Structure formats: structure tokens, C-alpha cells
Amino acid sequence: MQLRTEYAAGTVHYDHILQTTAFTLAGLGLVVVFSASNVMAQSQYGDAYYFVTRQFIYAILGVGALWLGRRINYHNYKRYVYHILILCLIGLLLVFVPGVGARVRSAARWVRLGPLTVQPSEFAKLGVVLFLAYSLARKQEKMKYFAIGFLPHMLVAGLFIGLIGKEPDFGTAITLGVIVITMLFVGGTRLTHILLALTGGGALAGLMVMKDPKKFARFLSFIDPWKHGQDVGYQLKQSLLAIGSGGLTGLGPGHSRTKLFYLPDAHTDFILSIFAEEVGFLGIILVMALFLILVSRGLWISLRAPDSFGSYLALGLTLVIALPAAINMGVVSGLLPTKGLSLPFLSYGGSCLLANMLAVGILLNISSQIKRADKEPLRAVAGGQ
Amino acid sequence: MTPTIGKWVRLRIVIVGLGLLLASVWITGRFFQLQILEGPDLYEEATGEYKKFCPILPVRGLILDRRGTELAVSTRVASVVAHPQQLKNAGRWSRELAPVLGMKQAELKELLTRARPFVWVKRHLTPEREEAFRTWKAEVEKKDKINPSDPRREIDAIYLLPEAKRIYPQRTLAGSILGFCDIDGKGLEGLECQFDETLYGKPKQSWKMIDARGHIVSTGEKAWDPEVMGNNLVLTIDRTIQHIAEKELAKGVEKWRAAGGLALVMQPQTGEILAMAQVPVMDPNFYTKYSEEARHNRNITHALEPGSTYKVFIVASALDAQAVKSTDKFHCENGKMAVGKEVIHDAHPYGSMTVEQIITKSSNIGAYKISTKVRPAQMDVYLKNFGFGQRSGIIFPGESSGVMRALRHARTLIDRATVAFGQGIAVSPLQLLMALSAMGNDGVVMEPLLVKEIVSPQGQKIKEIQPRPLRRVLSQQTAQQMLAIMETVTQKGGTATQAAVEGFTVAGKTGTAQKLVGRAYSHSKFNALFIGMVPADKPVLAISVIIDEPKGAIYGGVVAAPIFKEIAAQSLRVLGYYPEKEPKKENESVLAKKDAKGKKEQKTDKPAQAAKNGKEKENAPVLGGIIPVGVAAANAQEVNFTPPKLPALQGPMNVMPDLRGYTIRQVLDLLHRCGLHCRFEGSGLAVGQDPPPGTAINPGETCVVRFQGNS
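Protein sequences appear in the order of chains A and B. Start counting the first sequence at 1; every next residue gets the next number (the numbering used here). Start counting the second sequence at 386; every next residue gets the next number (the numbering used here).
Each hint should be verified, as a subset may be incorrect.
[Unchecked claim] Straight line, CA to CA, 30 angstroms or less: simulated DSS-like cross-link-like pairs of lysine-lysine:
no., chain 1, residue 1, chain 2, residue 2
1, A, LYS78, B, LYS392
2, B, LYS769, B, LYS900
3, B, LYS392, A, LYS371
[Said to hold, decoys possible] To give a feel for the contact side, a few chain B residues facing chain A, derived at Cβ under 8 angstroms:
no., residue
4, GLY402
5, ILE421
6, ALA500
7, PHE503
Please keep in mind that the hints were generated in silico from the structure rather than gathered at the bench. Values in this document were obtained by computation on a predicted structure and should not be read as measured data. Glycine included, each C-beta is placed from N, C-alpha and C at the ideal position.
Construct the entire structure; sequences and hints are all you get.
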């Protein structure tokens, strides 16, 4: 195929800005993970580099995933959509199987693969996005029909969201829900259907929150973290103290005080608090800018993709990175109620980094197939439109 | 390939993009609010949360003898403390900790389940137990993984707290003078109680970074902060003389199977107490094991009948009042004399005796007759001026003022009569010796002193307590006369020939006092006393010895006088006074040695030889007021080994000190101050070290010190 020869000739043009941004974020992640985890790692494992060493290995694997995503023509996925979807489903089911699934703090989110543990929900997000992109692109104009455009997607997505929520991993479940609804909205589902889904999902979420006293307490603590600073709001209060302590320029890299066991999950979900404390508001602006570049490039690819499958896929993959990032930032700064959700690229965690790097790789592949202005006449003919 | 997306889809993608942009602006705004607008406030609040005002416990100052020997020191020990309210598995902890701390499991569990925010689990651990606890805790910490969403672990609520512990390295030596402290370092008895504020130190508080488990993060602290250390107390006590007094007293008590004994050594010219011994002894390290009685410093807090020793004050008053002359004769009624309805006795029947002989032979009748020559009111003034019946003003808790009945108010004749030979009154041993010292100090009563200086931890003198004359009680002439009279007591024909110190003259007086049992005098229980001064013509030492309930003999001259002699003879050597007439043999050998040495040095160092000869002369008894301290210190080394004095307490050192010649305890203390860890090899005195002296050191390093026996 023409594309393959272009790759071989090194003349394929993919989005360098996107790739550089992703690498920058992943590299920054290594630094922040080390800074946020060394005290805890030293005390728990006797090795300050415990987490950063692992994160470094994940980053290497992540580069491999990115390369793989960039290499595989995204159109090839279409043939394997259902295979991939079922693989993801099996993964999500495996976490509940004793012996295979690994429970941490009574949450079954991981599957053991030899020495590694994999978090299937991270890859399931990609699977669902792939399925939706495939389905939306196929259905096109029929999206406005409830039975065609709304119900099947909601059933498939609902199954995945339900399984993830069962783990429990509410953060990922809600994120996936928002991704699905956004994609359906872009795909052309009627707004009334979307409102229906929102009310239904909202009611369900509300019910679950009210039913589970722990989650209700979390919700309460979000409303007034200072009042519940000693119990349920402890984590959020420490996070706010850390962010506030940072000021404009921060206390200096490595000088976080909150990481001295004050802030739980300092190297995972709340890593941005440590970052904000150490490098201040300027650092936050930097991270925000990097994410904005990443997301804008992703959406740009979505707008310019050679076909609607590519567009929907690019949109979904962009959302897979953008939404957790936005929600995580909202959570650590107290804008949203606390839920377990890691910050893409920065938080410690192998599956998350791998899935995000893979997503960027696929985006890069899509970007490489965009008809560029200088080659437009040629491509237009080749595309046979 | 599916067709490209339509324009409506494009629009909706742009809407999603705008939505995300809006979210990013909102989030950035939130961070701006937290970091820029509320930043300083949140920083302050966080500081309040992470930094705690930690008290630094004070370290009690040292108590030193007059030459700098440590009598009471503070060392750092660790105590196990816990916050029971943070412990959920008190059962597990008590089960695991019980063998580590050597406590009963039930007792531990009771402690760990108390509804208190803080408990002492075990205080002042031995180094072995401290190590065992550290090992145990490290293992538990390894076993119990941190839960990342709540890093505050249960085990962190049980930890070691450093404390200062009072240690009396000389054990029972001077125990009753020093007193003791409770476990919190508060002085309860003796000088520890009297100078509690001086010694206590200044508790300090400092801001320290604390991690969420309550551990102190910043470690820029000195191991031993001089700012929190209390002032040091330098006593007038001489450790060596104290040791001599205690040793000889204990020997005497044992020999006479007595219930106890008291001894005091004082410099008559200054009022400084060099030794204050009592039997039974008390080890302040384990004060709880001793009875209330044994904890008191009875030389100061107890009063007893002085018996015949009191006669010297009666006679001195009579002489000074010029009511009698020493050559006046009194008839002693052959041992029996009726006074009012009662009869007073002498131990042996005597006829006519001079005033001097009355003291020499210790006649009760004679003393009474002399006392009648002075008006009671005048006698009262004299006795009061001697210091009887009132507190001496010594800085010590619980001083007894004794019991004095004013003679002028005496109801019956016999009441007045018995005072003349020390019955019916009570004086403390300190009062007795203080009054005697006045005769050795040309008739001037000095304030008795136990404390010489108060020194800051940095080594600066804060207060120097100078000898203070209180009042003149006798004329110089009378005082000299009394010394001469008392000298006869220890000479042939006197009651205390056994008190004579070879090569010195001794002025003294014996006493044998019946003890009061209930309201009547006992016929089997006595106090045997001897008070005396040496040399008799110009005393440098005043010593009192009292033996409580001796068996086999009761007389002061038999029981107490030999003890006086031993204490006096040895103490004089310590202070650098040698007998006027050395025993010949010893003299010869010394001379021979000197000759041999002299020959060797003759050619090379003649001036040095001359200087040495000069010094030899100095070593002869110096009978002028003040004791030559330098010589005394030099000679002290010969008699009893005293380790070299530690360098003054200064800030932490940054080069390795020369440790050679120090004891283990001193080395430990010194290195502790440098913040060094130390490994010891052998015992005795330090002979080698690694790193060598002068090497730059950093706190936390480990060094090796080798010791060898010093004998």
C-alpha cells in the first residue's frame, strides 16, 4: 500500500507537536512521581526510587505502545472492533475472578499477568471509544433514531460502565459515561435522548451516592472540606493546603511538605497537588498548557481526519485523555467531589500511562493520513472521492 | 472508507472543544484563587499543621565537688510512650511488647487501653531494652505496610521519647547531701531539692517540622543543647575527704556494732564543709529503697544531746566573760554532788582540779561549778552566739535548730546544772562543729557552707559564695586559750588519747550522751561523740564524729576518737599537710630517692632542683589561714585517684577531642555532646582512639575508643 511505502521512505507526516507534548508530559510525570513518592517509598520499601523505577519502565513500554499505535493503520481496527470489545469485556470480568484478579483495598480493579498487574478498565475505555467511533461512522444519519442511534450504544456502554462501577471504580465509570454521552452528542443523537441518559445516569449515580454512606460522606466533605478536615475531608483538605502553599512559584522541587505522609495518594490521584506545591501556579499553567495543546491537537485531528471513523476515533481518544485530566484537576482543587481518578501522564500507574500513550499513537496514525494542503490534489484522486 | 464528517458534526466537535477550554479556564481560575489569592493564608495554615511547637526537655545541671568531680550528672535515656486512643489493637501490641519491655501483658494492656491521650508505658529504659524496642518496632514497621490512603499507622502511636535521667556516679558517696530527684527530674531531697530551680534548666520550645506520623523531620538539632541545660553546682565537699569520712565512719560503726554514725569535716577559717558523712548510707540512684530516716541528712536535720562536748562552750563562755581563769581551781566533790533534789555524778571521783583539768578529765561537777560563775543571762547570750538553738543558715532543706532552754528562765537548779554537761538540750552535729570551729577561727563564727559556686553550663561563674563571718563569740585570746585547754584532752591523761594524730597536735573534746528513750534516759543506749580540731595551735580541720548506740564500749574517747584520728590523718594528707615529725624510716627512703634523683638531675637542671626543694618546704604544714589549693590538688592525686576534669561545657565540637586518660563515663558524655556514636573496647581509662585527636568530625559518625585498667 502507498502508506506503507511512505513510512518506509520516512516521508509520513504525523503531528509532531502532539507527540512532543505527550513525551513532555510523560517525562514531567517521571519527575513528579519521584518527588511525590520518594519519602513514602523509602519508608515502605526502603528504596526511594521504588515507584519512579517502575514508572520509568512503564514509560519505556508506553513509548513502545505509542510507536505501535502510530504504526498500525487505524482502518485495520474496524475489522476487529468486536474482537477487541469482547477482549476488554473478558478483562473486566477477570478482575472479579479470585486468583487472577488482584484486590487492593477491597477494590477489584487489577488483573495479574505474571509479575505485572494490569488495570483492564483503562484499556476498556479505548475499546468502547473504538466501538462507538466505528458504530457512529456507520450509522451516520440514522443516529437520530432511538433504537438505532441511542439504545444499542447505551446498552454496550452501560454494560462496560456497570462492570467498571462494580469494581468499584466510580471515577473511571463516570468518566467513561461522560465520554460516551459526548461522543453520542457529536455523533448526532437527539438531545432529548441525551437528556434522558443524563437524568437516568444522574439519578442512578445520586442513588448510589445516597445509599453508600462512605460516598455520601465524601460528597459532604467536598462541600466543606475544612469542616471535615479530620475525617472524610482529610485528603481534600491536605490537597488544598498543598496547592495553596505553592503560591506563585512553589516551595521548590522536592520541597513539598505534604508528601511527608500528610496527603494520601500523593503519587497517584493527588500528584497534581504535590506538583502545585512544589512549582506553584506557574507550574500549573505549564501543565494546563500542555494538556490544552494535546487536546487541541487531538480535536484538530478529529476535524481533519480523512473519514468519519477517523474523526470519531480521534475525538474519543482525545476525550479519553482530556476528561480524566479535567476531572482530576477539578477534584484535587475541590471543584468536584473526591473520586479515585488518576491524572493522565503524570500519575503513577502503568496501565493508565500505557493506554494514554497508545491513544496518542493512534491519534498520530490518524494525523498521518490527513490530506495535507500540498498533497491535496494527488490524495483527492487517490482517495477516489 | 467512510465519508468525512458533516458540518454539523464539525460544529459539535468545536462545541466540545470550547467546553473543554471553558473547563480549563475554570480550573485555572480555581488554582489562581487557591495559590495566588488564598496562597499565603493556606501556607500559614499548612505551617500550623506541619510544624509543631515541640518542648525540649531541660537537662539538669551537674553537681560537682570542689575539684570538679561529678557527683550528680544527667544522661539521656529513652522512655516508651503511647497514645492509647490511636491504638485499635491494644491486645496485639501488649502481647508483642510485653517480652520486649519485660512487663506483664495484662499490665501493658491496661496502660494501652486507658482513656487517655498519652501514657508512659515504661520509663528510663536500659540500653538493652531500648535497643530491643527499636528492633521490634523496625520489624513491625516492615511487616505492616502503609496504606497509601491513610499513611498514619497505628504503630506510630507507640514510640520512644528521649528524657534526661539523673545519675549519681559515685553511688552512695555524699548521697544524703545530694538528695535525689523524682523520675521527672524534680529535686525532692537534699541539695537537689534546695537548688532545684538552679539545676533544673530552661525548658525550651522550638518549631519543628513533623511528618504525619508525628516524627520530627528536620534534624539540625544538637544532641545536647546547652541552652536547655541547668546550671552546675560546685560544692565545698571534697570527694576524697568525703570518701575517707564515709569509709572510716562505716568501719567504726561496724566495729562497735552501732546503729549508725555521723561525721562532719569543716574548715574552721571558712566554714566550708569538706565532708558530711552518715551511716547508714543512701544511694540516691535507688532512693525508693530507703526509709524516710535514711534519706535525711542527719548531720543537719537531726538534733541530739551533745553531752560532755558541750562543756567546752560553757568553759569558753566563762573564760571569755572573765568569770574564771584557766588556772582557777574547783573541787569536784569526789564524783557526787547534790543539786537541788537531784544528784549529779562524775564518771570517776575527782578532787580539786583546775579549769583546764576539768576539761581534760571531763568532770560534770566541775563544769557545773564553772557555769555557776557566769550569770545565766550572759551565758544565754554566749550560747546563742555560738549558734545553738537557732538555724545556722546553711542552705539546705529541713535544718534543725536544736532545742535550747534559756538558762535565765530555768525553773529548777538541776535544769541549769545539766546544761553545763550537755543534757536537756539538743544540738545538731552541724551546730556543734560550727561552734567548735569558732574557737579554731580566733573566736569568729563562720557561716557553714556546702555550696561554693554556681556555674553556667557554658562554664561561666554565675555566683560565687564567699566565706562569711557571722559574728564574734569569743576574743582571740579566749579562743587560743580554749585550743590549749582542749589539746590536753588528746594528750596523756586526757579522755581521748586515741584521737591524737601522729605528728600533729589535736584539740578536742569527748562526749558520751545517754540517749533519751521516751521521756527517760536510757542506761544502755548512748551516743559516743568526739569533736576536735587539728593542728591544735592553728586548726585547718574541724571534725566531729558521733556514733549512735555503740556496743561493747560507750565512751566517746574510746569509740569516736579513733575514727576522728583516721579521718583527720588521711584528710590532712589529702590537703597537703604532712606531720612535723615524719616516721624515720619513711623519711629516709624519701630522702634516698630524692638523692638518687638529685644526682641524676644535678648537672642538667640545678634551678629545677632548687625549685623542687622550695616546693618541698611548701609541703610542710602551712598553718596560715587558707589551704594551698594547688598543692592540695597535686597531692590528692597520690592519695586517691581522681580523673582529670572535663573541658568546660561548650558548644558542639567539630574536631575529635583527645580522649586519653578519661573514664568511660566522661568519654561517653563528651562524645554525646559532639553528637558522635561510640564503640568501647575494654574498661578503665581511655588509652587509644580512632579517629585520632584533631580529626574533623561530623555529628552521627562512629568512633572507637579503647580502654585499659587504671590500677
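Using the nearest Cβ pair, does ALA500/B come within less than 8 angstroms of chain A? With a closest approach of 19 angstroms, the ALA500/B hint is violated.
Checking one constraint from the list: CA of LYS78/A to CA of LYS392/B, max 30 angstroms. Satisfied? With a Cα-Cα distance of about 24 angstroms, the restraint between LYS78/A and LYS392/B holds, given a limit of 30 angstroms.
Is the interface hint for GLY402/B satisfied, with its Cβ closer than 8 angstroms to some Cβ of chain A? Given a least distance of 5 angstroms, the restraint on GLY402/B holds.
Hint check: is the beta carbon of ILE421/B less than 8 angstroms from a beta carbon of chain A? Where the cut-off is 8 angstroms and the nearest Cβ of chain A is about 6 angstroms from ILE421/B, the hint holds.
Can we keep the PHE503/B interface hint, with Cβ of chain A closer than 8 angstroms? violated, 18 angstroms
Quick one, are LYS769/B and LYS900/B close enough, alpha carbons at most 30 angstroms? holds, 24 angstroms
For a C-alpha distance cap of 30 angstroms, please report whether LYS392/B and LYS371/A respect it. Cα-Cα ~18 angstroms, so holds.
When the structure is compared with the earlier hints, violations turn up for hints 6, 7 and for no others.
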